[in-house]
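**Q** Residue strings, one per chain:
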Amino acid sequence: MLDVGRHPKINLLAYSEVEEVSGEVGAFQIRVKQKARYVNADLCTGCGSCAEKCPSIVVDAYNVGLGNRKAIFKYFPQGIPSVYTIDAPQCRQLGQGKKCGVCAKVCQANAIDYEQKERTLDLEVGAIILATGYEVFDPSVIPEYAYDRIANVVTALEFERLLSASGPTAGHLDRPSEIAMEKEIEALEKEHKKLDRQVKQLEEKHGKTSSEVLDAAKGGTSIEGVDVAGWASSAEKLHGIEAVLSELHRKKATTHAAKKLAFIQCVGSRDFRFNRFCSSYCCMHSVKEAMIAYEHDNDVSTSIFCMDLRAVGRGFEEYKLRGGKQANIRYVRGRVAEITEDEAKNPIVWYESTANRQVVHEVFDMVVLATACVPSHGTKKLADLFGVELERNGFFKTHPLAPLNTSRPGIFVCGCAQGPMDIPESVAQASSAAARAAELVAPARHLAVAAK
Amino acid sequence: MINDVLVIGGGIAGIQAALDLAEMGVQVHMVEKLPSIGGKMAQLDKTFPTNDCAI
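In order, the protein sequences belong to chains A and B.
Terminal number for the first sequence in this note's numbering: 568, no gaps in between.
Terminal number for the second sequence in this note's numbering: 60, no gaps in between.
Any given hint could be a false lead.
Claimed, not checked - Okay, the calculated beta carbon distance ranges per label pair: (1) A/470 with B/7: 53 to 63 Å; (2) B/29 with A/446: 28 to 38 Å; (3) B/7 with A/438: 41 to 51 Å; (4) B/7 with A/158: 37 to 47 Å; (5) A/493 with B/60: 32 to 42 Å.
To be clear, the hints were calculated from the coordinates, so they are not data collected in a lab.
Note that CB positions come from ideal geometry on N, CA and C, so glycine has one too.
All chains, full assembly: derive it from the sequences and hints.
**A** Following this line, the structure appears as structure tokens:
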């Protein structure tokens, strides 16, 4: 990543999109729109003092909604280019029309530029490589897995962020239901503090206790110079919050980090309702996540529910076996029929045990859905723009004998834009696509040819 | 014939393609939709089958 930013031969246009494409192989004319960051990229040092002081809190897309960021942000800490960006719709000054300007005040490099406009650039290129990647399948359309209803059912990418040391839980396996509970406690404590201060001020001012005022309110009597109804309602609200808080604290004391995990394979892929194809990397991805979870905490045990576990690749079969032997992974053959939830917010997995020929259910701390790899959101639009065809499954169409060639000469495709694949295969394809493109644009060809 | 190449997408595939071309001496333009390059791989913690760090 760093090399891309530094290389003198790479012109990095981040936060940009292609608007228009014309021409043909050897001479394409491209119009690129570079969106406004509202930060001067040449001046920004990436120090982050703007984000520290920014008052707008936004849900973080990088942490797949599990954490928060500010309206002025860096997509992730090691992101290249290492400059900050203002998310204009979320910004008080730019999006909400309020007076703020905090980031401009704290920026020592004077890099904040609220007046910045988007730029249009015209490029001329000989060849194009499409490496637009993929999107994670949204499992909320599968009713039986209840992803949108049960907090502790997460996608593989969400689980990856929970496992990551740089993630929202610093790698600790806190369950989403408990993260939500902690947030609720925090918000309630804040409200409690505010109300408590108000009531205490009233008590001091009038020299009466809240219980006296509550009695007066009940009896319908008035006290001179005191708003009995208002005071009583504040006091009652305070009691209500205290009761809810103590209940939440009691619940929190009984919770623990996730120890018993279930992975469900082929969520949205190899399923005729959604995608018929195999997403290829998810089997190994689940084994990897289970192994990392076990490395973090040796009390973790994992069950992987699958139709078959596809460990096709160099060293993959050995990796799968190592997971089973050393990382407490149990491989269960059987497709999960339904996930329900118990009172302690534990997901219950219902499945058919093909070994015992029985329908059984088992309680887990957390369920991870190995979601399918589907085409990126803008793939259709991009295909129209570049004049290339798509497969029926929505990925870019390639020639069977030249798997990197799209339907249009001079345009190549590599990685998950072409279909689901793992990182080693993506990298191999990328090198191959680079070679194909270089072959096309090489300045000197067929010069050292001997006559026959 | 124009000698530049355009790479759309700054994930692991785009990064690898761009670096290979640049090392060959080809001028590359990389267009990425998000504020930073890195793509999905930057969201991963470790990679299989070696459990190496993703970033």
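**Q** Now, for every hint given, state plainly whether the structure supports it.
**A** How the hints compare with the structure:
1. A hinted range of 53 to 63 Å for the beta carbons of residue 470 of chain A and residue 7 of chain B is consistent with their spacing of about 59 Å.
2. The given range of 28 to 38 Å is broken by residue 29 of chain B and residue 446 of chain A, whose C-beta atoms sit roughly 48 Å from each other.
3. Separation of residue 7 of chain B from residue 438 of chain A is about 50 Å and conforms to the stated range, judged on CB atoms against 41 to 51 Å.
4. Taken as a hint, the range 37 to 47 Å is violated for the pair residue 7 of chain B and residue 158 of chain A, whose Cβ atoms sit roughly 27 Å apart.
5. Range check, residue 493 of chain A to residue 60 of chain B: Cβ separation about 24 Å, and the 32 to 42 Å hint is violated.
Going down the numbered hints, you'll see the structure goes against 2, 4, 5, while the others check out.
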